[in-house]
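Participant: Read off the chains here:
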Amino acid sequence: MIDKMIVKLRRYDKLDPEEEAALLGAVTEIKKFARGTVLVRRQTPTRACEVVVSGLVHRYRDLSDGRRQSMELSIPGDFVDLHSFTMKEIDHDIACLTQCQVAIVPHDRLEQITTQFPHLGRVLWLSTMIDAAIHREWIVSLGARSAVQRLAHLFCEMAVRLESVGLADSDGYRFPITQNALSELLGMSMVHVNRTVKELRERELVVFREQQVRIQSWEGLVRLADFDPFYLGMHRRPR
Amino acid sequence: MPRYFFHLHNDIEILDEEGRECADLDIARRAAFSEAREMAARSVREGHLKLSHSISVTDSAGETVVIATFGDAVRIEA
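So the sequence lines, in the order shown, correspond to chains P and L. For what it's worth, numbering that gives the first Met the number 0 labels the leading residue of the first sequence as 0, then goes sequentially. For what it's worth, numbering that gives the first Met the number 0 labels the leading residue of the second sequence as 0, then goes sequentially.
In isolation and in its complexed conformation, chain P is listed as follows (with noise of 0.2 Å):
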């Protein structure tokens, strides 16, 4: 059930055949949630880490007046809340934007990977390292990105984590997020992002509609976007 992320650790570095079946056997159960779960909140004790197996995850913030900022899409593969088997009580929410199923593994299980298997160690420690840099790239979105190449970031950097892990191909991918959710994400309107899917259509670049993101101009989209997936860590190195 978690093969997905096995997929996705391999592109950081060669696993051992060992490493990968500990991974596996570190899974206590899979888990079904509707869209909207809660599944880890801010400030409250954790005992298990989770690994989204199918569906959309997201990471926030709620402001005290209502507002919302995404920080992150987490999709399968992604091993969402690694951060709290250290950090035991995490500062953010994370939560299900569709309705998803999610392995468990809990904090004991990663304790012994830890210490029988080192390496492994060391390339899910990466994985929280490439979860900080996708935050740095999305800072740098928020903050010098203009709304248009703000989305047609996201469209590249999601064309290229679903790729990795076998759910996008040259055309596009499926992409079930609602207007809500694209809004907390780029930090615009609900209009707003409506008025940058269509002008990423006119520019002929990607068409949005139906839970679909189709890609026509992968250059051009890249371009706008000053997109250089280097930030994703996916170039296998000895760890």
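Keep in mind that the hints were calculated from the coordinates and are not lab data. Please note that the accuracy of each hint is not assured.
Stated by the list, open to error - Per label pair, the in silico range of CB-to-CB distance:
hint : chain 1 : residue 1 : chain 2 : residue 2 : range
1    : P       : D15       : L       : E16       : 43 to 51 Å
2    : L       : D25       : P       : V206      : 33 to 41 Å
3    : P       : Q98       : L       : A40       : 29 to 37 Å
4    : L       : L14       : P       : E203      : 14 to 22 Å
5    : P       : P175      : L       : S33       : 21 to 29 Å
6    : L       : S33       : P       : Q42       : 23 to 31 Å
7    : L       : E20       : P       : H134      : 23 to 31 Å
8    : P       : E201      : L       : D23       : 30 to 38 Å
9    : L       : D25       : P       : Q211      : 30 to 38 Å
10   : P       : R238      : L       : I75       : 55 to 63 Å
11   : P       : A143      : L       : G70       : 26 to 34 Å
12   : L       : I11       : P       : Q42       : 42 to 50 Å
13   : L       : E20       : P       : V6        : 32 to 40 Å
14   : P       : Q211      : L       : A22       : 25 to 33 Å
Positions of the beta carbon are idealized from the N, C-alpha and C atoms, including for glycine.
Here the structure of chain P is known, so what remains is to put chain L in place on it, guided by the hints.
Facilitator: What follows is chain L alone, placed relative to chain P:
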């Protein structure tokens, strides 16, 4: 909660096909004016602003229940 649809009447027309839930019409009206301000701000950043451009809101029956023009959404002083 009732669903309302927020349409943009700007240099281009964009119809909202998805809509959003608002507790009541007053919340929808406030959301429309907030949308008008954000879209007016985008126009200003692009160097133009037409005060007659607007956000209109329809309810689930397709009736127009709010029109928020950019001019009504911002107070402009000399």
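Participant: For each hint, tell me whether it holds in the structure or not.
Facilitator: Verification of the supplied hints:
1. A C-beta distance of roughly 50 Å is found between D15 of chain P and E16 of chain L, which places it inside the suggested range of 43 to 51 Å.
2. Between D25 of chain L and V206 of chain P the CB atoms are about 36 Å apart, so this pair conforms to the stated range of 33 to 41 Å.
3. The given range of 29 to 37 Å is respected by Q98 of chain P and A40 of chain L, whose C-beta atoms sit roughly 36 Å from each other.
4. Taken as a hint, the range 14 to 22 Å holds for the pair L14 of chain L and E203 of chain P, whose Cβ atoms sit roughly 20 Å apart.
5. Taking the beta carbon of each, P175 of chain P and S33 of chain L are about 26 Å apart, inside 21 to 29 Å as hinted.
6. Hint check: S33 of chain L to Q42 of chain P, Cβ distance near 30 Å, so the stated range 23 to 31 Å holds.
7. Checked against the hint of 23 to 31 Å, the pair E20 of chain L and H134 of chain P passes, with Cβ atoms roughly 30 Å apart.
8. Distance hint check for E201 of chain P and D23 of chain L: the Cβ-Cβ separation is about 35 Å, which falls inside the suggested range of 30 to 38 Å.
9. The hinted range of 30 to 38 Å is satisfied by D25 of chain L and Q211 of chain P, whose Cβ atoms lie roughly 35 Å apart.
10. Our hint of 55 to 63 Å for R238 of chain P and I75 of chain L holds, since their Cβ atoms are close to 58 Å apart.
11. A beta carbon spacing of about 31 Å between A143 of chain P and G70 of chain L agrees with the range 26 to 34 Å that was offered as a hint.
12. In this structure the supplied range 42 to 50 Å holds for I11 of chain L paired with Q42 of chain P, their Cβ-Cβ distance being about 44 Å.
13. Judged by the Cβ atoms, the range 32 to 40 Å given for E20 of chain L and V6 of chain P holds: they are separated by roughly 37 Å.
14. Take Q211 of chain P and A22 of chain L: their Cβ atoms lie about 31 Å apart, and the range 25 to 33 Å holds.
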